[in-house]
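Those protein sequence lines, which keep their order, are chains A and Z. The first sequence begins at 1 in our numbering and counts up one residue at a time. The second sequence begins at 1 in our numbering and counts up one residue at a time.
I should point out that these hints are in silico values taken from the structure, not numbers from a laboratory.
Within a straight-line C-alpha distance of at most 35 Å, the following computed DSBU-like cross-link-like pairs (lysine-lysine) qualify:
#1 A:Lys185 x A:Lys97
#2 A:Lys97 x A:Lys329
#3 Z:Lys102 x A:Lys87
#4 A:Lys87 x Z:Lys95
#5 A:Lys296 x A:Lys383
#6 Z:Lys140 x A:Lys227
#7 A:Lys114 x A:Lys302
#8 A:Lys383 x A:Lys185
#9 A:Lys56 x A:Lys97
#10 A:Lys227 x A:Lys114
#11 A:Lys329 x A:Lys114
#12 Z:Lys140 x A:Lys277
#13 A:Lys56 x A:Lys87
#14 A:Lys222 x Z:Lys140
#15 Z:Lys140 x A:Lys171
#16 A:Lys33 x A:Lys332
#17 A:Lys56 x A:Lys332
#18 A:Lys185 x A:Lys87
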Amino acid sequence: MKKIYVVLSVLVLLTMLVSVAAVSAAETGETLKIGVVSPISGSAALAGKYIVNGVKLLENELNAAGGVMNNGVLYPIEFVYEDNEAKEDITTNVYQKLIYQDEVIGIVGPDMSKCILAAGTIAQSAGCPAIGTFTTNVAVTQVGDYLFRACFIDPFQGQVAATYAWGEGYKTAAVLYNNADAYSKGLYEAFVQSYEALGGKIVETQAYSGADVKDYNVQLTKIAAAKPECVFMPNLLNEVPLQVQQARANGITVPLIGGDSWDTPEVAQVAGAENIKGSVYISAFSPDNPDPIAQKFVNDFKTAYNGDVPNSNAVLAYEAGAMLVEAIKNAKTVDRAGVRDALAQIEGLALPSGVVTVGEDRNPIKGAAILQYNDQGVATFLKNVNP
Amino acid sequence: MSTLMQFLVYGLQLGSVYALLAIGYTMVYGIVGMINFAHGDFLMIGALSTFFLSQAFSSFAVNGTYSGLIVALIIFVAMVGTGLIGVSVEAIAYKPLRNRPKMSALITAVGVSMFLENFPRALPFIGPSPRSFPMLFPAKRFQIQGVMISTTQIIMIVLSLVFMFILYNVVNRTKIGRQMRACSMDKDAAQLMGININRVISITFFVGAALAAASGIFYASIYPQVDVYMGGWLGTKSFIAAVIGGIGDIRGAMLGGFIMGITEILATSVNSNLGYAIGFVILILILLFKPAGIMGKLTIDKV
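With the rest of the complex left out, here is chain Z (with noise of 0.2 Å):
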């Protein structure tokens, strides 16, 4: 019993990643109608950005460990400069192709991702080699029946509930979260209404690279090693994610993301050989059941 609440924890810690991240696909698509494929790297800009600036601050370290005030203003920093660069990526490489058909919009997220990969590679301070993320949260471990949690796990846990809670308040509460819904119902109409799309857009970028940024972070923090490929493949999973959630839909994202990891790791935990292939039979068979997501509703869309 208590082997299974361990591994629901460990479920916990890697889906609220895919939850964060899963968010930004589901927004961008709900809003702008393509498929992101860049998203994950927004998480390794995040998760690298933090370590350089981690780096920076490193005279206020007490023993490799730093003051709540001083990782708060990293995480805030670093979440705000990759909105920023989430905004400018839409605003040079898929602005200027909104109008056309979506295939090249997909092909374009594909090559922004494969330049956001490679260019941090080529540069020298950067480079290809995997590096020892910091110690942003203290890592005290301790045992709740035979539970093994430490702080890092509950601190992320708990940090991303509550961004997806602010997150899906201010879409159903505030005036921006109406017009980004009215965007997503139907761009046109919304124009017409005298919404701004390309702020709307903007924000939706912002708000889905910052949120890319929070779960590089927490990744990185309890598996502490960062590369330029690290966003590739959680990007792929997270994807996967919005998908079973019903891809549109930001609870969805939420529910997804948490699904994966869990899935993920009890079907590791029977068969060790098999647990990727297991795992995602299971994702399949949701589909097979719900086309659509769980969340999704069912349209009738070509990509």
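Just chain A, with the same shape it has in the complex (with noise of 0.2 Å):
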């Protein structure tokens, strides 16, 4: 008789025990929402899947975690996802709707450098932090000290593009380019200025305007006639498979070079193996990264989405994702000021595609991989490039 009240008095302080520890974890606060814009619908829709795959394994993480802790209090997180279709008009709309309807406390995306350029005065005036996922224009972070990036900046991409041609010892280069959009132009620029400080000759400079030309016969028959000893070709996803076709059809033998648009397997799969072997593109990030926290960001990812691979929109907008997260989690006041500041004091923090810190002009310092496509038109990791 006396055991059954021994063990039931150890139950009851058991119980008591729990309780008491279930009230301490359940201090929460209240629900933190972050906006997530990307193209889901339009003209580059396959960004946009990745980008929200990319964002979901981090709130699928969130959600497992309960929330972000800062200061013992757990503060759950919700995820609101917005269509921008690649247009600049639409992002403002979806701003506006995510700082004053939905009240978020920062906004992921988008990932297109147009976009965020046209939006960034509507967080800035309004005091909320936002982050770019792939919006690697130098003007970005300018538009005022509440834009942030979870990438490297064009000019980066056209100095290692540069860098990387003239070690291989290409003495002249031409140029292919879309004068319509920022992205390209800006690489276009920083590449000829690298590689012209390096000693190396620009014997052809080619445009095309907008993103629904698909001849560029007339441009590559002008480049093969010049005779560079390499091509560069920082164009967008849905028109470097042609580019490199038809330029392989006008004769140019010679290696084409890409900015980190044309890491997608589409780029390869379209552009057909025997055309795209031999070319390299810099990349934000490679799967093939031998670094662990890498590998466990592309087998979760590979088992989340019936095993596909993901690409630099992914991790980029998963990064951008961690980064406001770790911001929350150290923000002296959780509010959006308190968020800004704690951003830009990131320093060190471990992401797939390496360590970043936030340095001047809130843009991160991170590595830069190059990729080279092999005779079967797969890519694969070449080096990794350090500011």
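Could you use the hints to bring the two separately framed chains together as a complex?
Here is the structure:
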């Protein structure tokens, strides 16, 4: 009989302990909303798919943890996904909705420089931190001190491409770029500047206007006639495959060099392995990077999305989200201004693409990978370049 | 000189795509009096359905190339299929609005265009990703006096001329052609004369969509990448080509298409940075001097 009392009292004691623990753990703050802006539909819907999938991975991790812990208070996080159709005007509308209607604590995305350049002033004037994922144009963070980015900047990419080309011994280069796109133009300008500073010669510069052009034969005929030792093509995902095919058809056999927009398996599939082999591009991330954090991310992504391999869009979206979460964790006050200050102070945050430190002008300091297409049209990790 | 000839070849290949597509705009405008903004998307449907058909027939392919008979069959099925889609689009979306103000039909057309682009995108087996178009025509390249020409280019330019020739004769020399011309002059009077207008309009949409499918197949053969948005901008340009040629006139559409293609290529070769702008300035100049288009007759009409 006594034994039962002992057992019962122990049980009662345990229940009380557990409930006390539960109460202390249950000190939860209000739900914080994070806006996610990406081109879910429209011409860049492919990028949008990877961005949403990347952020959803982070969302799953946060849901499993119950939220973000700041100063002993657990804040549940809710993600609000919005479609900007890769258009400037719609991005502006969506930013307004997220900031004033959903009252988000911060915004992740969009991925395009031109879109965040259009909407950035709204976030700045409302004092809401916004982190562009793939917004590599220099001007993005110059909009104001509430604008951040998860990627490296265009001049850095152009510089990497120029350094790589010069290092490979190419003394002359030609450029084909899209003069209606800020990304393409930014890379082109930085490439020319760095390449000429190194001593290289640009023998031909050709442009075209807009993402709807599919005929580059005229431009490539002229480039072929100039006989460069390499061709820099910092163009958009749906333009590059046709450019690669038409370059080869016009008798351009020299290596082609691209920016991080080439970083999608579809580029090689559409261009054809025999055309694209030997070409290189700069990438924010390589799934072959042997780093354990990178490998964990790649495996989680593959498990979540039927073996789909994450591209830079997915990684940068995940990292932009992770930077925001880190800032919420460290913020002195859990509000937009506090999160902004914490974002600017991020230092040595270990993310899949490497260790990220937010530097001057709110541009992250991080490395770039150079990838090369092999005979099967598969991009393989060539080397890493650090600033 | 050989470079100029080379650019003319590129201009012709682009122009034949615009011309085939412009015919659809011009026929629908001539007969129904509306601008079918969804017409460019028929091109996309033609190209995408050819992509899937050739996948279905892939067991007949030898080393990635198809025999002439199979290619002809694929193109035929794709054209007829797209033609039928064109007919059903008309029956579902445009027919109920036929006697309403023209603005309603115009807005519906924009809506149909959005639907045709975004519905396939939402289907999981199509999706937004660009795909590599299969090699339907043998891609042998040869040089004639420094000008590089591929068999694909020759086949597509010749075939589109053949299609246009057939269509021109059908419209001018057959009974159904006479009915079409009667409808375009006066729909009500044609009806009173015992012409079945619904049938004529259905046939018009069928022919227009089938030709759009053909232009989509040709376009995807020389620029081998297909996605659901490929029709939008091409449609706009072909519409401009139809206006340049004189909307409502089939010869005008053909001419306008070739002018458009050649202007675009030559302007780009002068200055790649301003190529597009120069091309459009030339087109505006043509319209300033011939407001009704090159072949068109001036009628006052509000859209």
